[in-house]
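Visitor: Based on the provided sequences and hints, a complete structural model is requested.
In order, the protein sequence lines correspond to chains A and B. Residues 478 to 1477 (the numbering used here) make up the first sequence, in order. Residues 7 to 285 (the numbering used here) make up the second sequence, in order.
Just so you know, these hints were derived from the structure itself, not from any lab. Fair warning: there could be bad hints in the mix.
A short, non-exhaustive set of chain A residues, derived as facing chain B with CB atoms under 10 Å [claimed, not checked]:
hint, residue
1, Ser823
2, Arg825
3, Phe830
4, Ser902
5, Asn938
6, Arg939
7, Ile1032
List of simulated lysine-lysine pairs, DSBU-like, C-alpha gap at most 30 Å [what the hints assert, rightly or not]:
hint, chain 1, residue 1, chain 2, residue 2
8, A, Lys912, B, Lys209
9, B, Lys282, A, Lys880
10, A, Lys974, B, Lys200
Note that the structure is predicted; figures quoted are calculated from it, not measured. Built from N, CA and C at the ideal position, the CB exists for glycine as well.
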Amino acid sequence: MTTEVGSETDVKKEPEKAPEVQHQTDPVQTDQPDKPADSDAQPVASAAQPEESRSAEPESPQEESSSPDPSSPPATGGQKKKEKGISRFLPPWLKRQKSQSQDQASESAEQPQSPSLKEEEEESEPKHQPDGAGAAPSSEKTEEVKEEKEEKEVKEEKEVKEEKEESRPEEVKEEENEKEEEKSVGSADTQPVREEKEAESEVKEGEEKEREEEKKEEEQVIQQETSVLSPLRLNKKMKMVVCHVTLLDGSQFSCEVEKRAKGQYLFFEVCEHLNLIEKDYFGLSFKDNAEQRCWLDPTKEIKRQIRNSQWQFAFSVKFYPPDPSQLTEDITRYLLCLQLRQDIASGRLPCSFVTHALLGSYSLQAELGDHDPEEHRLDYISDFQFAPNQTKELEEKVVELHKSHRGMTPAQADAQFLENAKKLSMYGVDLHHAKDSEAVDIMLGVCANGLLIYKDRLRINRFAWPKILKISYKRSNFYIKIRPGEAEQFESTVGFKLPNHRAAKRVWKVCVEHHTFFRLMSPENPTKSKFLTLGSKFRYSGRTQAQTRQASSLIDRPAPYFQRTSSKRISRSLDGAPMVNVSDYSHAVDSALTAGAGENGPALELNSDSKSKLRVQGENIYVRHSNLMLEDLDKTQEDVLKHQASISELKRSFMEATPEPRPSQWDKRLTGSPATTLRLQAQGSTEVKPEVNGQPEVVEVVEETVVIEEVIKTKPKSPAPETPVTVETEVKEERSLSSDSESEEEAEYHAQTPSASISVQQIEEEPEEEQEAGLIQQAPPSVVESQPITEAEPAAPSAEEEQATAQPEEEECTDKDDAPNGHAHAAEAPPPLRAVEEEPPVVNGSVSRVEAELLPQVICCSEPPVVKTEMVTISDTFAAQKTEISTKEVPIVHTETKTITYEAAQLDGNGDGEPGVLMTAQTITSESLCTTTTTHITKTLKGGLSETRIEKRIVITGDSDIDHDQALAQAIKEAKEQHPDMSVTRVVVHKETELAEDED
Amino acid sequence: MMSEFGRFTHAVVRAIPRSLATEALRTGSPEELDLSRVQQEYELYVSVLKQRLGLEVLELPADEALPDCVFVEDAAVVCGDTALITRLGAESRRNETEAMKDALTKLGLNIVEMTDESATLEGGDVLFTGREFFVGLSKRTNQRGAEILADTFKDYAVSTVPVQDYLHLKCFCSMAGPDLIAIGSSEVAQKALKIMQQMSDHKYDKLTVPDDLAANCIYMNLPGKGDVLLHSTPEEFPESVKVFERLKDHMLIPVPNQEKAKVDGSLTCCSVLVCKNSV
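Guide: What follows is the structure, given as structure tokens:
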């Protein structure tokens, strides 16, 4: 994010100051326009870097060197930059991987940047300092509110960058390093953040700002920022890219954008061009490789989203207002009309003959005015397209109706058009192909009110937002968890099969956005999970309908003049198909704020936080504000109880459904993919027993599944039984992988509905892990357990690393086997690690047997042969990438295996010995390009105490270059950081080293 | 669209063949059918439409070969200026559509014929609320038939509702006003209502009557008369009629249907209502 921000600012600046750098649509080509102008671009990078700089590594020189090479190096450099921040934390090998992936995959576009990178660095430096020093302060003050958000974003960005950097080969890192260094040197972490913020404000990219502005009316601030920056701008140069946007009237709008600009920058440019204020209903879309329309995420860099595709976009309606008459301005309605005409002409919005005729007649009235018998002969409309299949009969009918609209103004005609169009059953329904559980072709329709299921043209089901508890996707599956009906005991989960992972994610995102826009009063804040966050961080970040309505009610300007263009153009455009062809869009790291920790902390800390955060790939959890959900449904306590009961059911289902082994990772190994995998895994008994107490809030993590849960209800009622909480060690791994991959994004979604009567406190979203954590915390209070929370974190990591590296294969311990048994293995437990046992007082004495849960966490580092694969791409849909990234070379690999187990001494005691009631068990698997994390969370009720164990298995896959040990240490550290309340009881390191002949 | 819900100008009905008494399909027990009483009910029904409500009634001649032909509703679904000529689920009734098609053609409607051999649809399974269609999937109506209906009336959402125990969806429900669904009290009826409510973006009011069959009524919104409701008589369903009588703003017209009910005839069954003014 930070980078993006910076870029945006840069972009704005550049246009003014350094036009030189104009880049063609292809980012690569644009690379070289560096020069002083480039500085603009750099600032962005710098912004990102500053964070990195904290940890800043002396890689800058290398970066520079790389940058000079226009061809290949540039790309790498860009990657490096990104990665820098993360790289610090991440082991070198990880970095390389990332870099490779980045370079290879998406970065073709970035390549040009290499020069730019240098430029950026330069630029960034100056900016940072100045910004940080002078401008920053002022901006900060005004932007305080914004800052939080920005910080979050920044953090994320940093993370992303770091990841990228890491992935990049050290060589490539040069530039980045430099930047980082600069940043670090220039200003403290906080400064960089500020800078970024400032830059953003300057840039006016301002969606964020606007948002903020709306709230705060911070326009002034922006100005200040801009003013401050302006001087700087002169110096900076940016690489520019020309974006082509197809507008709703079919015309083309082109504008220059800094390569790293975020989507919102372009969007604002377009809105400004259109003189559109009520822009929240609109968005920019592009087509990916599969010709699927994707929405440009305003909070992410354009480049990362469109990947290799052309910089071609379409401005279109994203959220169809259910009642267009509530729009404030005619120009907004006009644009909506244009969109609907397209929808109708293309057949996307089906309607009857009569409706085609009626809507067509309003279009004519709006564009041509009253029917003129002399001027308007029958053929006067033949150029218009009113329907997919336009007949003479239809045209005659249109003309007939047109005559009846005499005296109607264009605005009135538009209003009438909309009044009729909005009633169409498919108005505002975004359709997606899918299959149901029986492989029957269906369509998923996302609309303002919820999710519609169609089979052929028939609506066969409908799930209103209030009925949906969770939305998730896993791989190519899309799931919704349904609130139980009055007569139903259990929640049910409905799954749909999408054509591919991307499609699943796309539906998920659209659902999240629509839910937020139409259902919530304000967007949910980024989650502040201090624990692992799984899945996509993606959230709708714009205004909600409620907000935009409020904002537009304040619009105080004379109705802007605008010219209605002939719909002829539209038809042409449809035919001509200038539709944007954008290949994949990789999402940069979600703008969504990552862990809450980052929010609070200073910029520097942010980085660390970000690192600490676990990202589970592909898991996206969209947690709805339970209150909102409940709005329509008044639940009695009975219902709640039922709900709770159903939870267990759900869990079961999830358990069954989700946790699938990640073949991909292993496959990679098999194929000789270079990546090393760290796996932290919790091996626990998988049995899930119905929850006794049923704390509904238990997070359910499913791979790539996004779940929307309302936890709130359950808590209040949660039966007392579970008091004690035992903490298990958690090893978390970060995904340093490509920053772009959205799949990795965290999924926590806190819906804060300020307006909603529900108190925010109640709204606990259950990020899976968070919940657990929460549970743990909660429980303890009542019973103060003597949980020795010994955290050997600091020491442990290092020790572990050393051991891991140093220890020969001999030391292999059968971690898995042992683990199950009471963690009795006292492997060479690193001194630091202490196992904290839970000694739950046996209160209830529930005899039911809890399955032995494997407390031990196994960390496996395997180093596959160094195969040059373009493994890691920084793309959102890593799944797709994975598939794409077939290893080209499958080297013969010799594998060395080492297993080291560290256990906390005390672990044994609790072990399996005490029978407990298994309350819940969850298995979460996340994948990133080079890491796979499997988290198994088990809650056991022993006596009166509840024990929560989190077992993580992290598989780090990487080249030999990657410092696995470091990565491992980092992962452990992060895990601890994330779950401060938990203690690490066992660490098992399993290292597989493949000796490949080919080494990079 | 919505404001015109219930507005009709024409009604198509069909005379009663004598074969109705002996050959009509029926789901219930073979009760003796008093043909003269059926005739009386029919004549009263037509007179209400014609004299009382001022509709232009098109009466098709009876066809002895088609014992069920009086139940014209099943042969066509008319919405706006489009008529879908159905393909009846009961094979013995397939030919009923011919006369209906001719009649509706004369009325100037756009005729869409359901030619798909795999499709069946009977109008009794089609509930049009003014905003959308609900199509009962019954022994007489299948998915394909519903799809064709959806293709015919593209403006509207078409949702399917499984129908259990009853012949048709409208055996236990109908529209009693704009956004007002009359629904029976039986479990089957309530279940169907829940499905309809879930499937709809719109919130309908419901008018629950104790007797399922009484939930079949005819709502019209006629110029000069306002809301008009043809419903069952107190003799048949006294408790249900009390419910209807709570609709203060409606012009309530009890119409006897006791005899026809023996052969699964309901109020809505006996006419196809058309509004010729619609666009």
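Visitor: Does each hint fit the structure? Answer for all of them.
Guide: Hints, one by one, checked against the model:
1. Ser823: Where the cut-off is 10 Å and the nearest Cβ of chain B is about 14 Å from A/Ser823, the hint is violated.
2. Arg825: 12 Å, violated
3. Phe830: 7 Å, holds
4. Ser902: 4 Å, holds
5. Asn938: 7 Å, holds
6. Arg939: 5 Å, holds
7. Ile1032: 29 Å, violated
8. A/Lys912 <-> B/Lys209: 29 Å, holds
9. B/Lys282 <-> A/Lys880: 20 Å, holds
10. A/Lys974 <-> B/Lys200: 27 Å, holds
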